[in-house]
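Protein chains in written order, with UniProt numbering: chain A, 1 to 511; chain B, 1 to 452.
Since the hints were made in silico from the structure, they are not lab data.
These numbers come from a predicted model, not from an experiment.
C-beta: ideal position from N, C-alpha, C; glycine also.
Please note that the accuracy of each hint is not assured.
Claimed, not checked - Only some residues are given here: those of chain B computed to face chain A with a beta carbon under 8 Å:
hint : residue
1    : Arg264
2    : Glu346
3    : Lys349
4    : Ile419
5    : Lys429
6    : Ile432
Unchecked claim - Examples of chain B residues toward chain A, derived with CB under 7 Å:
hint : residue
7    : Tyr40
8    : Asp282
9    : Met412
To be verified - Okay, the calculated bits of chain A under chain B, using three or more residues with CB under 8 Å as the criterion:
hint : stretch
10   : 366 to 375
11   : 393 to 405
12   : 419 to 432
13   : 446 to 459
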Amino acid sequence: MNSPWPMIQQPPPPGTQGQYGYQQPPPAYHTVQVRQSFNTQPLHYVPAIQQPLPPPPPPTMAPVESAPRKKIDWPQPVRNYVARSFEPSNLLDDIARPDMEAKLKQTITEATDNNTLGTIDWDNLPLPQQMIRQERAQAALSWQQESVDLRMGGMTNGYTNAKKRKSQEIGGNDEDSSATPPWRANGRFEDRITYDKRTKPFQDDSHKNTSKFQKNLEKRQKRFQNEYKAYKPSPSPEPTSGPVVGTCQDLEKRYLRLTDAPKPEKVRPEHILRQTLDLLKKKWKKEANYSYICDQFKSMRQDLTVQRIRNEFTVTVYEIHARIALEKGDLGEYNQCQTQLRALYAQNLGGNPVEFKAYRILYFIHTSNRTALNDVLADLTTAEKEEKAIKHALDVRSALALGNYHRFFRLYLDTPNMGAYLMDMFVVRQRLAALANMCKAYKPDVTLRFITEELGFESDGDAAQFICDYNGQTLLEEKGDSLRFLSGKGTQIFEAARNEAFRKVDIKGQI
Amino acid sequence: MDVVFEDFRKAYGEGDGYGLSMTLCPIPPNDQPDRFPNFYRSTNFQHVQKDFKYRILHDAASPFKLPIEEGNGWVEVYFTYWKAIGEILNAEASNEKASWVKVYEAWKDMTNALLRGYTNCGFEAWTVPCLYMAGKYLRVFAIKADDAAGTSTASVKTFQEDDFNPEGEKNEKLEDAARILNKIFTTCLSDRAPLEESRKWGIYNIINLLFKTYFRLNSISLSKNILNAIQAYRGDMPTLDAFPKSHQVTFKYYVGVINFLEERYEDAEKHLTEAWLLCHKDSIKNKELILTYLIPCHLLTTHTLPSLALLEPYPRLQKLFLPLSRCIKKGDLSGFDAALVAGENEFTKRRIYLTLERGRDIALRNLLRKVFIAGGFEEAKDPSAAPVRRTRIPVAEFGAAISLGSQEVMEMDEVECLIANMIYKNLMKGYIARERGIVVLSKGGAFPGTGV
């Protein structure tokens, strides 16, 4: 153990987690439509807001909407097509009504603009809802390749978003067409602003209405477009009763939280996972990229779980992930693994129960979870209590319970396995507690050497540094040939620091 | 079936809630061992609803007339009850453990039918004991069902989890039961009828059932939500002392224990003491439970031990606490450690181990106090003055006393550490002068509260 406490809880450099994005929570809000450009026409919003339209809208709806263009006498096939689209038996559950209406309108508008109204075979044209479904399926395919875990808030959210996005698209299409709607002709934002001649260059004449600002907006708009389209509604198979049997042959797989029944082609069977584990072990040794490793391990655990694989290999996966998480101070992941391991050990599947039971005790000491500690004690057998690692952890616990810091720091310096990573988490607060204790009991002073030894510091320098870190520099004094700590005067400082340190233990903090 | 509905009419006519609840009991009364087989066989699936409807709503012999809606609600309740009885008879006859899962599901249907009666059919508040009955056995059957299920079934939902949920599988039904009980709780709490006819009067009974369930599920922290909820409603609730005593005692006991587990010993002691004082004098079992927590509490807050007279009626508590008490009194540290190890299983089972462990401080205090007394008095310069105790005591003397019991030599640094703890916790007054290796104790009360 080389100078343990300063290196504890080193969070990974910011940004390493975002790269993998596995912690993006679903939005806890309904997405409110943001104005994407200054010249969207309000008409498109209407269907979105009036979602529950009265059942069969009159087939004259389309003409009404495109009224500003010109009066068109709709051919009978088009009227039939519209009527068919709204027939209840043709409505699809997974396509929201407004989406369908928008698509319908888009189809007819395009046909009108291209003068194909009379040529299209309306009787055999897929209904708008069918088109949407097809589009979504395609988008989903391309999406899976990129697969970034962006979880949608829920079905409805996804739909409304898709709808909203659609309405923007149509706006864009209209722009290209020559027929600029009247409300836009003189209402454009740019036109209402008088530009300084020098800044005017922004306005490129060839792209009439693309200021740089607007370009950015469009870019952003596009970026989101993919996501929303990609949201795959669930035409998925009913969850079958048995566990999945995976067929995926890839060694590496990004972690994605399941929102649906797992698909066999996305799940790796056990013999592949074994190869994955070997690969990951090598990579970890070579690259030590924690966010990558953690992500990969999570997807491995997921594959194991969905296939209900519970054997010694499962234990190994969890143990290795737990160790790596410990080393990196990622208590959240560590705790997840520990919980699983506990259940796995209960089934006698092998592994290293003694080692991890000891960690478990230390972990609960860290989180000051008395109820859990009590339960751990109740679960241990007499034989287990004699095992070196467990005995050590139990001794640590009782030393702390009795305030015996002397014994605690002896145990700290002699911790088996990786327990020191856990002890590092609470050694600072225990040092403060011990100092508060000593300040009240020892008068007038003690040697700094005594502090170093009692509190398990590497050197007098470390001890002095620790005291100074809590503004105790005035308590250090040279006397003769030794440095002394004026314990009698330190009560206030260290009592306050102690209380602060014990106030809250954050266990949720994951890396 | 006529027996059941006679009882129903009688209880309903008299407005006797507890009597009414007895007609929904899943355990037959001792004097009617055939009640359930007869009841179940008296009708069949085809006719059961019609039969019940006739007896509840249209029987000319009935002394009162139920509103149609409420009557239909009761028909539904007794129909589901009848089905549950069928499952119970089946489970008892088949001797197959798995059939208790069906019993649980049937009983849950009954409970839900009852709940709908309150929310939709205007069941009156005096009938809440029926909810007690439903809730009580819902919990019982859930535990039986979980026992039966063992490890065999895994719920379908788990496919969305990244890791499997071991606790969830073990206590699937009991967790489900907790949710239903919570629904009952909300139904009682949110009743807006005037207090005289409010379901709020059922609240503490249901809370106690919930606490009991949470304790068993090891999710005691959920009890907090309940406490917060009634705290929020306290303005329009009768005060606790207006409720039946049995509800009060159980509630205070649980609140006491919750505080105890969260190390708020003062609050714990207050609630437990109240429960202790209210508890019926012959409820030995309940008093024993209360004392199990009150005694360790008392040890920490007041540093006092239970008297023999107090423990006299409770042989189990004697076994639990007497060995430790003796060692604390004598200041016998190694004896204390041994007693703690010996009782560890019992202590952890009751979740008092970690609290009792702290009694070691008192044992140590008593030992150090003995050293202090053995140190005698300062040589008096003035023979007529009151004798003054020797207050400068070598650390080595304390160390010798500690080693005497354990037969192991303890390092002086560790001895100092223990003394520092005593001083820090105000069990001892004075300071350690490390340079000189002595402890300087206060002349006025070196061991506060012990007379020296």
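Taking the hints in turn, this is what the structure says about them:
{"no.": "1", "hint": "Arg264", "in the structure": "violated (12 Å)"}
{"no.": "2", "hint": "Glu346", "in the structure": "violated (10 Å)"}
{"no.": "3", "hint": "Lys349", "in the structure": "holds (6 Å)"}
{"no.": "4", "hint": "Ile419", "in the structure": "holds (7 Å)"}
{"no.": "5", "hint": "Lys429", "in the structure": "violated (11 Å)"}
{"no.": "6", "hint": "Ile432", "in the structure": "holds (5 Å)"}
{"no.": "7", "hint": "Tyr40", "in the structure": "violated (32 Å)"}
{"no.": "8", "hint": "Asp282", "in the structure": "violated (31 Å)"}
{"no.": "9", "hint": "Met412", "in the structure": "violated (10 Å)"}
{"no.": "10", "hint": "366 to 375", "in the structure": "holds (count 5)"}
{"no.": "11", "hint": "393 to 405", "in the structure": "holds (count 6)"}
{"no.": "12", "hint": "419 to 432", "in the structure": "violated (count 0)"}
{"no.": "13", "hint": "446 to 459", "in the structure": "holds (count 4)"}
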